[in-house]
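A.B. asks: One letter stands for each residue in the lines below.
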Amino acid sequence: MSENSPDKLAIREVRLGATRAEGGTREVSYVIGGDRGLPFCGNDAGRRLVALEICDDPAIWPPVVRNYVGDLVNNPEDWAQAAERRYGADLVRLNFTSTKKRGFNAFADIASTTERVLEATTRPLIIEGSNDPQVDSEVFRRCGEAGEGERLLLGTAEADRYRSVAAAALAYGHLVIAQSPIDVNLAKQLNILLRETGVPEDRIVIDPYTGALGYGFEYSYSVMERIRLAAIAGDDDLAMPMISAPTDTLSIREVREAAPEEQDAMAVAWEFYTAYSAFVAGASVVCVRHPLTVERLKKVLEA
Amino acid sequence: MPTVTFLPGYRKVSVPEGTSLLDAARAAGLAMNVVCGGQGKCGKCLVFVKTGSVSFDRDKFRKFFSDPEIARGACLACQTTVTGDVQVDVPEGSLIQEQKILVEIQGLEEIPLNPAVRKYEVYLSPPSLDDTTPDLTRLLEGVEGVGGPPPNRVYAPLGVLRYLPQVLRRSDWHVTATVALVPGGYRLSNVDDGDTTGRLYGAAVDLGTTTIVVYLWSLVDGRILSTASNYNRQISCGEDILSRVNFSRKGGLARLQQLAAESINEALKKAADAAGVDLEEIFEVMVAGNTVMTHLFLGIDPGYMIAEPYIPVVQRMLSTAARRVGIATHENTGIYTFPAVSNFIGGDVIADILATGMTEREEVTLLIDIGTNFEVVLGNRDWMLSCSGAAGPALEGGEVLFGMRANPGAIESVRIDPETLTPTYTTINGVAPRGICGSGLIDLLAELLRACVIDRTGGINLEIDHPRIRRGRYAPEFVVAWKEETPIGKDIVITENDIKNLVMSKAAIHGACMTLLDAAGLAPRDIERVCLTGAFGNYINKENAITVGLIPEVPLERVENIGNGAITGANIALVNRKRRKELDGLARRITYIELNADPSFMDRYTSSCFLPHTDLSLFPRVQQMLEACRLREGVGSRQG
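Sequence order for the protein chains is A and B.
With my numbering, letter number 102 in the first sequence gets 102, and the count goes up by one each step, no holes.
With my numbering, letter number 37 in the second sequence gets 37, and the count goes up by one each step, no holes.
By construction, these hints were calculated from the structure, which means they are not laboratory data.
Each hint should be verified, as a subset may be incorrect.
[Said to hold, decoys possible] Computed list of lysine to any residue pairs in SDA-like fashion (alpha-carbon distance at most 20 angstroms, straight line): (1) B:Lys500 with A:Asp160; (2) A:Lys299 with A:Tyr273; (3) B:Lys500 with A:Glu158; (4) B:Lys500 with A:Lys299.
Generate coordinates for the entire structure from the input sequences, incorporating the hints supplied.
C.D. replies: Set out below in structure tokens:
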């Protein structure tokens, strides 16, 4: 499996999304990974993408975001469209928060929401499904089927519940987010499990789990660094690009308790510095929730 | 006082109100299974209260009982107090049962017989007015004349001097003196009438936390005459080391000392009876036990070992006379205890090292002793590293739903047909299965992995459509034996939680091995020999131990089960005084690595929490084998 040529990529290339020519309906697809060394050291190849996260049930969404986007929270397709056209996100991450409710069984809505959001957007889509073994397999089957051929990035596979995500990804041609709790060994173990389930290595993106800046981010940072160094040293089971979703950032005390007029600024500052650090640590895709964070990140990345 | 009647034997005992059923059972002479030492944590002391009055919070311990058991009045003996007359049914499974004990004789041809105790037959000239040498001097000069030590180096205990004059005169000055080499000189242990040089015996003792093993030797010709074994009676005060130390701290030290001596005496008596030997003619006893057991046996407070800064009272080899510790041999019998390296690397491990012969060899040996705790020693004749840790109770049947010790009815080996997933198993004594012991659990782990029923984290693949694979009450499970095959009226299963506990246990051991290898700058391929020993280590299937990543991957022929290393080491130290003398030096030479203080251990542990290991390149042959299994099972297609 390993080649010893000096041209060998340290990080495997992974293609997100599929254009019509590639069997999907996206206007663009992105290649992430492909790096040959550490990030920001002059030898990056892959892109750095900023995803704006939206959801299908805003009940548990951070108030600072709900206040900012207003009515959009009740309409995922408009929200997704705004993410791309108004806020400038490279892509959207659709979080099916509705599945986290007790006794969830609205499986048909999963399929239709997926379809509508795909319809409303032109770029690749990340989907965050349920995390309950009772409903996982149906949820992932429905969104997988609805997006067949689109090379969705499906999440989240974990060591004790990866089969449903993997099965949907295999059946409908999608990619898998492999999340492990801030540990290089556990990250590698999950990749091996997925590989042995039949998921091709170029369809796996590592999520090392990211805490908010000041709330454990330093652990995430050092683990991301270790993962990247292991890959550079030739460990094929860790040579996948990484996605980082520091989703707790907007729920921390500093943001919650900020004065009303400072709340957006605080939220964006916290999310921006966390997300940017995640890029520095080696993430290829970073997911944020506040639209203004997207703008700020894009500005720095393009500078 | 209320009367408690224990069925089915109708044993009655009167106890004060408020006494626990466990204590009442002890008072009635029943040895109950108390893995947790009576803390209500293990659920093994199940009893049924038939009639009468007790106090027990059944809801709190509900998880230990099945519905039919509840209907029969299930209680945990340790958590139930007597409030009036009561009749209690004690199921067989709640009593300590006969256990498979290591008794085997390893060829010791190469160890020269050179005991530390000898007999000297002397004919003395009677005293007269012309020769007024005192009796003792006369005897010792006679002993020196037939090759014994110089008189001024021999210490004579008062007890011997009190009967010496009568023996000398009664025998008409023809006696046999027993002289033992002791630290700092010699001891005149005994004087017999006439010639008894043909009868000089010694015993080697493995003083285990659970079992006692005794080998009885003739020190005249170096033959093993008999062996015996029995339970350590201290079990009634708690099953594991920690609960014994706690019992000792609560004023139980004298009791534990007495129980240790009684347990050894019982085994000595059995062995002596079998060989037709009088206990009074045993003059040396070599005891190998872990550091806590050695302290308890000698009546030394072990309490400071379990609290910061965790130090034992003594580490060096000790010798004392039998009567000081209540051993029922001759009162001047020399009792020797093995030295220790640390709290955790005790005399039993030093004995293991002796048994492997690694102190003599150039090539590197990895010694792994696995019981409830594990000890690992790596080295050769020039250097040695050691470490220890908790393997967790899983390998001995604790914290595993159908786990049990290696008692009759325990499933001890398993194979699973990869096509039909039907297990074939053997049980101890060949009786119907009641549970699974450690070696059976490791087999199951390896076989389930080969059959692709579990993934590398131990997760059961519920998508396989098979009646043996199902979602159990607490976790996914695999049925090893159907209810109809067992006498316990339940399916014997292994659950995903059990498997994960086992994976953690094996990871601790493998992580420890890797820590020592890294400290020595070696890789698994540099290990010339892996020696497995200990209550669990000795019965384990070597190939499966490698398959699941319990031990580093080395060619199978390099792995040996060395049997009961502690008793073999004790045998060696008994018959050869030179080897015995080297022990203190050996113990001092072994470097102890504290795993908790080694930051890289946690990393090694986590990477070992995978079957066989996260770094598959450490297990190339296992990896090849598992790839082949996955192809055969067509795993991709079975995922549904």
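A.B. asks: Under the constraints set out in the numbered hints, which ones does this structure not fulfil?
C.D. replies: 4
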